[in-house]
Amino acid sequence: MTRAAAVDTAALTGLPVSDYREICRRLGRDPNPVEARMYGVMWSEHCGYKHSRATLRRLPTSSPRVLTGPGENAGVVSIGRGWALAFKMESHNHPSAVDPYNGAATGVGGIIRDILAMGARPVALLNSLRFGPLDDPRARRLCSGVVAGIAGYGNAVGVPTVGGELLTAACYRDNPLVNVACLGLVRVDRVARSAAEGSGSAVLYAGARTGRDGIGGAAFASTELDEGRAQADRASVQMGDPFTGKLLIEATLEALATGAVTAIQDMGAAGLTCALSEMAARGRVGMAIDLDRVPLREAGMRPEEILLSESQERMLLVVRAEEVERAAAAYRRWGLAAEVIGQVTADPRLRVTAGGRTIVDLPPETLADAPIYDPPSAVPAGLEARWRLDPAAVPAPDPLEALLLLLRHPDVASKRGIYEQYDHMVGVRTVTPPGADAAVLRLITAPPLGLALTSDGNGRWCASDPRRGSALSVIEAAANLACAGAEPLAVTDCLNFGSPERPEVFWTFRETIEGIAEACEALGVPVIGGNVSFYNEAEGGEGHGRAVFPTPVVAMVGLLDDVTRAGRMGFAREGDPIVLLGAPGGTLGASLYQHAFQDEVRGRPSDPELELSARAIACVREAVRSGLVSSVHDASDGGIAVALAESCVAGGMGASVTLPDGPVAEVWFGEGPARFVASLPPERLDALSELACRNGVPVHVLGHAGGPALHLAQAGSAGAADPIELPLAQLTEAWEGLEV
Amino acid sequence: MRSFRITIMLKPGVLDAPGQAVERGLGALGYQVGQVRVGKVIELILPDGERATADEMCARFLANPLIETWAIEEIVQGATQ
Amino acid sequence: MRSFRITIMLKPGVLDAPGQAVERGLGALGYQVGQVRVGKVIELILPDGERATADEMCARFLANPLIETWAIEEIVQGATQ
Amino acid sequence: MIWGVVFFPGSNCDRDCVHALRSVVGHTVVEVWHEDQSLDGIDALVLPGGFSYGDYLRSGAIAATAPVMRAVRELAARGAPVLGICNGFQILTEAGLLPGTLLHNASLRFRCHPAWVRVESDRTPFTAGLRPGTVLRMPVAHGEGAYFAPPAEVAALEDAGRVVFRYCDPHGRVTPAANPNGSVAGIAGVSSDSGNVVGLMPHPERASEALLGSIDGRRLFESVIGALVGAG
Ligand SMILES: Nc1ncnc2c1ncn2[C@@H]1O[C@H](COP(=O)(O)OP(=O)(O)O)[C@@H](O)[C@H]1O
Ligand SMILES: [Mg+2]
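Residue numbers (my numbering), protein chains in the order written: chain A, 996 to 1735; chain B, 67 to 147; chain C, 67 to 147; chain D, 322 to 553.
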């Protein structure tokens, strides 16, 4: 190859020169233009995890229940009675910024197929969203488009969206975050794998036909796309079709039930290229593929378009040759395409032909295993200065006004306007719908077991101290599960950051991983999968440079031994004493209160106190499981005052409460780890105190539930706030005020 | 004050799931049809009467320029359905 | 073998919620528009080329005669958008 | 008795209905494929909710052309109980087995939440065991559920006692606030002239177990046994 041609091929990859050299080294030659584009996509940060892979190894990934950890399409954990769950979260931030409806919809479709690839029936979705302040028209447009897209896909595909989050900050204005998680159920002996095996086995393409979707990206200069047709005439985003997605679920589960399928993977990012190379590399085998046999939607597609198309609703299967018709028949019965496009070969090379000509011939692991970087990391300048916060300098109104403002804040306000757009009941498993600390699903096939689900992440905390912030987010997720009475089984995460090429951003990434790891270790919960999204940057970002806040989101799933005893968050009976479980004090550093009234993040979130937090969480779980408490709710954004108000609204009754002595703003609105507001019949107070004492968890009786208003007073004389009284109707009006 | 009819269609190559479904439904009823495409039509009255305004509304709001194209025609009095 | 464009609109008197939403949305962006109506357009090729067939398809399937009206026009080669 | 539940491509409450009828109510259930030509041996039929064929064009329009629908018409003509839930209701109107149609919710939003309906007529197999005026709590989950028929037709339905369910508040009062979708006259469900074909937007199968918040939906299914035995 001439030198000029080699330079062109390098440009086609869109990769740094050092990566290109590495490709040539591994291949022993220059890649041809088709191969170059394949490397370009597979070695992109999105597919290759070049900046994150080394750091991610720090996460704890095992527990006696883990059947499949990170590395597969989704993690799988045993839940007992012969059943397992598959769980995975993924980001669709950039597509959603470009086209909120289709970007979010295809995000849902994509995560569902990851779960399906484990052989599991998808049974629940979570969505974790970040936008700019909703009074900004652009943020509002993005928000309503994203919510409509999630609803449009999730509702039609028949998987309930049972929970999520919505948080707002200026840094997300132009770069929203859209993270979706999916949970599936599978018999332990039916868990599917993606490693191809069996020389001579058929490679079966199934699902929707391949079109020119999502291939306007880096590797394609517009002049090369197609003779005569202008770029403007072509879609640059992927579109989902939930109808086909639903058929794909049913057909795939039927195909897997034949027992003929030995490996399966979805075709997501990088499409056929990714599925072929990863399945072959994991199985240490090769594949011989004939592109002429790929079912196409349009005539005249070029080989590289077919190889890199990100058309939705497609799966790739390896099937024992003599049984391939049985698997294909399942897809055809549902009206989907199913074609054998090649064979598994013992010789570990990926060979692709088109029009009888070999166009790709390379070792699959060279595509699948992108190089691992060791990026520089640096503590951001001025970190410790930003940790200093004078609470008195926060320009906040009096406590009554502040409480109402926080209840109206989009981060706190009821998300009813969102989750009522989602079918959260289809599947008849939803015992606790969205609106509580955690959603609860029953296991129809293994009563009375149940699962609780939550997703939590706090960019404010992480912008101040990523290690504490991420640990606190893990603690909050476990606290939410405890309120339902669930024991944490597994975490999947989505790590949203700016450019890892900037040392201060990369430092926040490393700290975040450390924080998640420490908290998961303290709780004994493994991280069974996740997703990293870098380069979340845009004008208006307020974090480091223009980046979004470092925003790790953790989705956590837990097990209920008896779903009929799931906890509830609303006060349940007039006159029930209300207690605070956990340390009474909170911090204002990087709290919602601080940020809402001061606009920039200042101060430092509290120490996660992992040991104490783990004990408090275990204590609450036990209290719920043994039926000691009639309600319990953890205090998160907005602190204890907000948690009390939420329990009032959810229970439809007021309360009379005296908060402990201390600085007003800290005691009312300060945030801290694993603190719970519970109510219970008076005769069980002793038993609860004893349980708390055994776990070394502080308990304070605050007052009692009931009456038409929330009365809040504070103990102590000097400096204590004046008592306030807020009628339930006023609380409800403030909290239910969010329109999306 | 002029009336316009705006027809919004998916760009060629974009998956037209509604079109496929309609083709299937017509087939089930025994009709042989080809190349079915489904789009939207929006009729409206523009007080300023400017076609350019209609075009701008399409680009900003009525259509999704990433996946759709549009055509604007004036509805001439009496010539409507 | 002729191509037809079928335009389906809600009958007057049937609540056109999408039309109202479009009117509100345009209003929020500062456009003054009136009488917005939203309908569907279906383009297809009919091998038998009979307009009567297209009309029958509308009555039986493509439109809901209870709430919708339709208009059929032939797409003349070259005159399309 | 033997129930049939039709599985259309894109149905997504099919398995939920099978669960409610088989595991909760305890009846025999046959899963009917949309291409089946015969419904022999089936005593009562459910067309479940979901997005059959993606609900492209109009909700239920394409499903109404499915091969199984000829057998559904025959079954209905024989007087067997046929229940269309949500998308099933839309399919029955598109197939001409029930009058009227279902428009976009007035809010233009999909809405999923608990709702209350008042039983308006006991002249259907699904309400034969319920007194008119009974208030049932059953969730709704739909984007196109606003019942519509021209005013004269609605009046005729009312006169003939073919309005079976009406949205109401928990106390049985029919108010605009209790109407989740802008349905004309608060109509949540209607029946055929003969009464044996019923369509409704709320989901009885999601309200058949206490664990899910309500057992009111079960009463519709259980009512059919009595009706069939009564009809002898
Ligand atoms: N985008 C969303 N989609 C679905 N449910 C949501 C969404 N955002 C919030 N919710 C639900 O609203 C409730 C409150 O959310 P949040 O304030 O984040 O809870 P917590 O503070 O307990 O983590 C939860 O039940 C949650 O699942
Ligand atoms: Mg909580």
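The hints are simulated quantities; they were obtained by calculation from the structure and are not laboratory data.
Hints are supplied without guarantee of correctness; some may be wrong.
Said to hold, decoys possible - Taking lysine-lysine and the DSBU-like style, the derived pairs with C-alpha atoms no more than 30 Å apart in a straight line are:
no.: 1; chain 1: C; residue 1: K77; chain 2: B; residue 2: K77
no.: 2; chain 1: B; residue 1: K77; chain 2: B; residue 2: K106
no.: 3; chain 1: B; residue 1: K106; chain 2: C; residue 2: K77
Item checked: Structure versus earlier hints, numbers of those that do not hold, lowest first -> Those not satisfied: there are none.
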